[in-house]
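Chain A is already provided as a structure; the job is to place chains B and C on it using the hints.
Protein chains in written order, with numbering that gives the first Met the number 0: chain A, 0 to 309; chain B, 0 to 415; chain C, 0 to 423.
Be a bit skeptical, because a hint or two may be false.
[As the list claims (entries may be wrong)] Lysine-lysine pairs mimicking BS3-like chemistry, simulated, CA-CA at most 30 Å apart:
1. B:54 with A:119
2. B:260 with A:119
3. B:310 with B:54
4. B:311 with A:119
5. B:310 with A:119
6. B:260 with B:72
None of these hints come from the bench; they were simulated from the model.
Each chain, letter by letter, is given below.
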Amino acid sequence: METIVFSLLNGIIYGLLLFMLSSGLTLIFSMMGILNFAHASFYMLGAYFAYSIGSVTGFWVALFLAPVLVGVAGAAVERFGLRRLHAEGHVAELLFTFGLAYIIEEIVKIVWGKIAVPYKVPAALDFPLFELFGSQYPAYRIFMLVVSLAMLFALWYLLKRTRIGLIIQAALTHPNMVAHLGHNVQRIFMLVFAAGCALAGLAGVIGGNYLVTEPSMAFTIGPIVFVVVVVGGMGSLEGAFIASLLIGIMQTFAISVDATFSDLFGWLGLSASSELGGISIPSLAPTLPYLLLVLMLMFRPRGLMGAREF
Amino acid sequence: MAIYKTVKLTVVGLVLMVCFLINNTVESSAADRIEMAYIDPLSGTFGNAGDSSLKHYQYAASLINKAGGIGGKMVEIVPFDNKANPKDSLIQLQKAIDRGMRIIIQGLGSSVASALTGGIKKYNKRNPGKEVLFVNYAAVDPALTNKRCNFWHFRFDSHVDMKMAAITDWLKTQKDIKSVYILSQDYSFGKAVSAATVRMIKEKRPDIQIVGNEFHPIGKVKDFTPYVQKMMNAKADAIITGNWGSDMTLLIKAASQAGQKSPYLTLYGGGLGAPTAMGRSAVGLVKQVTEFHENLDASDEQKKKIDDFEKKYGTDYYWERIFTSMGMLSKAMEKAGTENIIGIAKALEGMEYETPYGKVYMRAEDHQLIQPQFISTYSDGVERDVENTGFGFKTDLRIPAEASALPTSCKMRRPS
Amino acid sequence: MNQQGTVLDTVSDLGPSRRAKFTRRVLPFIIMAVLLIVIPMLGPSRTALSLLNAIGINIVFALSFNILLGQTGLLSFGHAVYFGLGGYTAMHAMNWIEYADGGFWGSYPMFALPLVGFAGGAFAGALIGWPSCRRAGIPFSMISLGIAELVAATGLIFVSFFGGEEGITGDRMNGVEMFGLNLGQVHQVYWFIAFWTFVGTVAMYAFTRTPLGRLTQAVRDNPQRVEFVGYDPQQVRYLAFIASGGFAGLAGGMSAVNYEIFTPEALSLAPSGLVILMAYIGGIRYFAGPILGAILLTYMQTNLSDFSEAWLLYLGLLFIAMVLFAPGGLAGVVIDVTNRLGKPGAVQQFVKGLVAVATGMIAFFGVVILIEIAVRLTNGHGEVFQPFGIGLPSTSLMSWAIGVCLVAIGVFGLKFTTKQVGER
Numbered sequence: 000m001e002t003i004v005f006s007l008l009n010g011i012i013y014g015l016l017l018f019m020l021s022s023g024l025t026l027i028f029s030m031m032g033i034l035n036f037a038h039a040s041f042y043m044l045g046a047y048f049a050y051s052i053g054s055v056t057g058f059w060v061a062l063f064l065a066p067v068l069v070g071v072a073g074a075a076v077e078r079f080g081l082r083r084l085h086a087e088g089h090v091a092e093l094l095f096t097f098g099l100a101y102i103i104e105e106i107v108k109i110v111w112g113k114i115a116v117p118y119k120v121p122a123a124l125d126f127p128l129f130e131l132f133g134s135q136y137p138a139y140r141i142f143m144l145v146v147s148l149a150m151l152f153a154l155w156y157l158l159k160r161t162r163i164g165l166i167i168q169a170a171l172t173h174p175n176m177v178a179h180l181g182h183n184v185q186r187i188f189m190l191v192f193a194a195g196c197a198l199a200g201l202a203g204v205i206g207g208n209y210l211v212t213e214p215s216m217a218f219t220i221g222p223i224v225f226v227v228v229v230v231g232g233m234g235s236l237e238g239a240f241i242a243s244l245l246i247g248i249m250q251t252f253a254i255s256v257d258a259t260f261s262d263l264f265g266w267l268g269l270s271a272s273s274e275l276g277g278i279s280i281p282s283l284a285p286t287l288p289y290l291l292l293v294l295m296l297m298f299r300p301r302g303l304m305g306a307r308e309f
Numbered sequence: 000m001a002i003y004k005t006v007k008l009t010v011v012g013l014v015l016m017v018c019f020l021i022n023n024t025v026e027s028s029a030a031d032r033i034e035m036a037y038i039d040p041l042s043g044t045f046g047n048a049g050d051s052s053l054k055h056y057q058y059a060a061s062l063i064n065k066a067g068g069i070g071g072k073m074v075e076i077v078p079f080d081n082k083a084n085p086k087d088s089l090i091q092l093q094k095a096i097d098r099g100m101r102i103i104i105q106g107l108g109s110s111v112a113s114a115l116t117g118g119i120k121k122y123n124k125r126n127p128g129k130e131v132l133f134v135n136y137a138a139v140d141p142a143l144t145n146k147r148c149n150f151w152h153f154r155f156d157s158h159v160d161m162k163m164a165a166i167t168d169w170l171k172t173q174k175d176i177k178s179v180y181i182l183s184q185d186y187s188f189g190k191a192v193s194a195a196t197v198r199m200i201k202e203k204r205p206d207i208q209i210v211g212n213e214f215h216p217i218g219k220v221k222d223f224t225p226y227v228q229k230m231m232n233a234k235a236d237a238i239i240t241g242n243w244g245s246d247m248t249l250l251i252k253a254a255s256q257a258g259q260k261s262p263y264l265t266l267y268g269g270g271l272g273a274p275t276a277m278g279r280s281a282v283g284l285v286k287q288v289t290e291f292h293e294n295l296d297a298s299d300e301q302k303k304k305i306d307d308f309e310k311k312y313g314t315d316y317y318w319e320r321i322f323t324s325m326g327m328l329s330k331a332m333e334k335a336g337t338e339n340i341i342g343i344a345k346a347l348e349g350m351e352y353e354t355p356y357g358k359v360y361m362r363a364e365d366h367q368l369i370q371p372q373f374i375s376t377y378s379d380g381v382e383r384d385v386e387n388t389g390f391g392f393k394t395d396l397r398i399p400a401e402a403s404a405l406p407t408s409c410k411m412r413r414p415s
Numbered sequence: 000m001n002q003q004g005t006v007l008d009t010v011s012d013l014g015p016s017r018r019a020k021f022t023r024r025v026l027p028f029i030i031m032a033v034l035l036i037v038i039p040m041l042g043p044s045r046t047a048l049s050l051l052n053a054i055g056i057n058i059v060f061a062l063s064f065n066i067l068l069g070q071t072g073l074l075s076f077g078h079a080v081y082f083g084l085g086g087y088t089a090m091h092a093m094n095w096i097e098y099a100d101g102g103f104w105g106s107y108p109m110f111a112l113p114l115v116g117f118a119g120g121a122f123a124g125a126l127i128g129w130p131s132c133r134r135a136g137i138p139f140s141m142i143s144l145g146i147a148e149l150v151a152a153t154g155l156i157f158v159s160f161f162g163g164e165e166g167i168t169g170d171r172m173n174g175v176e177m178f179g180l181n182l183g184q185v186h187q188v189y190w191f192i193a194f195w196t197f198v199g200t201v202a203m204y205a206f207t208r209t210p211l212g213r214l215t216q217a218v219r220d221n222p223q224r225v226e227f228v229g230y231d232p233q234q235v236r237y238l239a240f241i242a243s244g245g246f247a248g249l250a251g252g253m254s255a256v257n258y259e260i261f262t263p264e265a266l267s268l269a270p271s272g273l274v275i276l277m278a279y280i281g282g283i284r285y286f287a288g289p290i291l292g293a294i295l296l297t298y299m300q301t302n303l304s305d306f307s308e309a310w311l312l313y314l315g316l317l318f319i320a321m322v323l324f325a326p327g328g329l330a331g332v333v334i335d336v337t338n339r340l341g342k343p344g345a346v347q348q349f350v351k352g353l354v355a356v357a358t359g360m361i362a363f364f365g366v367v368i369l370i371e372i373a374v375r376l377t378n379g380h381g382e383v384f385q386p387f388g389i390g391l392p393s394t395s396l397m398s399w400a401i402g403v404c405l406v407a408i409g410v411f412g413l414k415f416t417t418k419q420v421g422e423r
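Excised from the complex, chain A in its bound form (with noise of 0.2 Å):
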């Protein structure tokens, strides 16, 4: 019971933050067709800007700008990097913002040192919240869901009430269709694009504390969050959603899990002493994105709510 209990309380934790990063990541990619590598690089961005600006201001101070600074650099990778290679194709924009991975990498080395850098829980949620069977349950978590909820919300009715909204969602399906109806459609790309990395941005700054702010945080998180936008289906934030939670809790309870292939398999024959059998659950943790990310693209390229394929 415990265990389900706090798994399931960190597996939401930990998905919804994957979802604030893979939310931009699948608008832009529904829009415009970027797969955007680099866009783990900037919710490492928003930890280390949330870093410097926060020793100086204080992390609440730092939780507003730093994605906000995030999402200026991110206009302006869309206005002088991608715009010009719009007409070069989908590839040439993957290797562009591949390239910039690595830049952004290496920048964050040279500035901040190439070790974790201690980035620290404010001390106003610095505290047990409440305590539940003998363990204790840090604030800081509950500060993390609430943030993540607010966002949730403000996207829903950023896109759903509110005439921008209308736009975005016009030009994820019929973008052509919008540029003739007088849009600017390359300015709605650029806002969406920087929204996108301010939410990674956003990402960071909450989750960088919680986990560890070090310069390889990106290329850690970076391939899960492409396959929570390719498991959810293009074009669709509802099928994101799902996807984060989904692979968040599973990862939890996998590592939460007593058990190995032979306890599961061993009707069929397997011993513990194989290496087979001997393999334990929480060891494939790390696998199962992965595992469900090609299983998907088998079987059902659509991704779970995708309009179309891709």
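Below, chains B and C without anything else, positioned relative to chain A:
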């Protein structure tokens, strides 16, 4: 497709190649100084551990140089970043050898040490007269001085079995600990920790129940909360872990966040960021077994050395054995000559050496340093704190050098 | 480029003459072979030989990658999987040879180990290629990414095959000797690497000349049309994938002999990323492009990393610059320059080009200064960047101003000169 352009391109490419070659034909030789290769992670997850030990080595070298060097030659530590990866380490080894270095220093990661000791053995067999020596200051998989021992490898840290013997000896006196949980990194070192613990507990405290024996991927876990939750569910009276570097720091961080109140019996709980993550809640709970901590009795001279180091580098003095290794190495080099690797190795065999904390010796049969061990607890009210936390380590138990020695299965083959 | 065709009235003579065929298809390989043989006679140091060995491995690896990207138009983020699986197979074979008691492995020469790697890589390609090759474009890239991560993570789980964190090690000085080489010393390994680099390059060039090799290019350019003609693009992709995996495995086998170790790291995203950079910077549109890229990047990787901590940043900048301004890569630049040389007004163009290069160098030098003083400011070792003996301390505002000025001058100059060159 412009395959037809192949001629031009091939010529250009191969001309480039020759240019690089000419650029590379100058072999650096340093007759006036001794360059020692330091091959350890200087970036990535374990970069902070490498950074700290490199500073210790550079300080040790500067002390030797201040005293006139070795045989009149100045010592220089040349860092190579192996990213904690065995293959990269072999490439860096190759580079170091190509640049004329004969002393190879490594410690962080038994998987790396295992690759290096194998690589060095092969190289020395193939290049007689140009041998290199392997100084291992921290890789503690027992196999390195047992089944896989070789003449070129010298270990200056007590290996896992010796450390676990100390911890289980201490457990014998703790009658209220009835169950333990073992968490280890999933590679040769972690497996050695787990195996030694299980074996020795069965021997010394058969009544203790092992309620968990878990492995996690090394250097990849960023949030240990699920593991801590599992330990708490298992209701273990004590946790035994061999985790080091950021794996130790993050584990302790998750444990203190969850309010875990079990004692942690660790090999590396005393430095490299772990104390910072512990805070007040860990006082009295975290124990470590080491050859050194700052609150051991020592001469004023030694205390001044510690202060000088901390002032110069702004980081904790943590690795006494690095100074032991450099001291013994320079003594052997003075005796055998700085280029005579076989002579240096033979001089190290059986060498006795006086450290600030007692006498140590390099056992000839397996090249394992035998030194006193200390079990200590993270405590309040200490003379010297760690990482400016206000807390530091207090000795519970001193295990004399001879008592920590264990028999070896090494069958050393020496060059004739 | 049609000067050699003197008779144009019969269709059969439209093809290149025998002489042209020779200079274009055979001569480069003769030059390559001669150079490979001449190099050891120059008396290279151990360092140089180690570097050459690494270059040889990467040449084969990058060329095998280009069968996918350049030829078939498939961008794979997991090409190191085939390099690694081939290498692991070779590594195991190396140990089978060492402990062989007669039988097949008892008489198998260590020299031929890359063939085992080829088999391993091709087998992995055949296995993984089938689900991967159903789609081209982004879905293919995503599957390759997923499979790369999956295989890399599995590498730590199946210890008996992958050896866990330590990997698998072996000893190459075993088995039957071939050509009198026991592979002990680095110069002996050089002959081994040179031989297989040559064989691999020739074989991959030959592959581009086969009907299948031609079809892959058609599939890249217009899969629909290929289907019209009666071929199945999916099958063509699949076969190219297997060939590419096999040659990557060949490189893996070479690496197994050179380094005598394989670790799960070899399967991961990092080496897969590096091979993308190699092929693209070299030029994916030309057969020889990846060779240039492999030489340059391996050199940077081993030597530049000693001079500058930020070498990956230079690499990243170079890559981005190539993607933005020179999609043909280094090879494209070389060909562009040599083509212009042969045309009227070449001298003028050449001078203008030189000016452009000079201003570009100024900008580049400014960037280098900025990066290097930034590195020295933050790494805490307190050393001073000294280009040409001029000390540029990281803490002085002057050094930064110099860097910024140089970049500004260079960029402005470049804009001006490239405009002129463009106008002809």
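Given the hinted pair residue 310 of chain B and residue 119 of chain A, is their alpha-carbon gap at most 30 Å? It holds: about 25 Å lies between the C-alpha atoms, which stays within 30 Å.
Starting from residue 54 of chain B, check that the Cα of residue 119 of chain A is at most 30 Å away, please. holds (26 Å)
Residue 260 of chain B and residue 119 of chain A: Cα distance at most 30 Å? holds (22 Å)
Pairwise hint evaluation, residue 119 of chain A against residue 311 of chain B, where the allowed Cα distance is 30 Å at most: Holds, at about 26 Å.
Does residue 72 of chain B lie within 30 Å of residue 260 of chain B when you go C-alpha to C-alpha? violated (53 Å)
For the pair supplied as a hint, residue 310 of chain B and residue 54 of chain B, confirm whether the alpha-carbon distance does not exceed 30 Å. Roughly 12 Å between the alpha carbons, so the hint for residue 310 of chain B and residue 54 of chain B holds.
Hint 6 from the list above is the single one not met by this structure.
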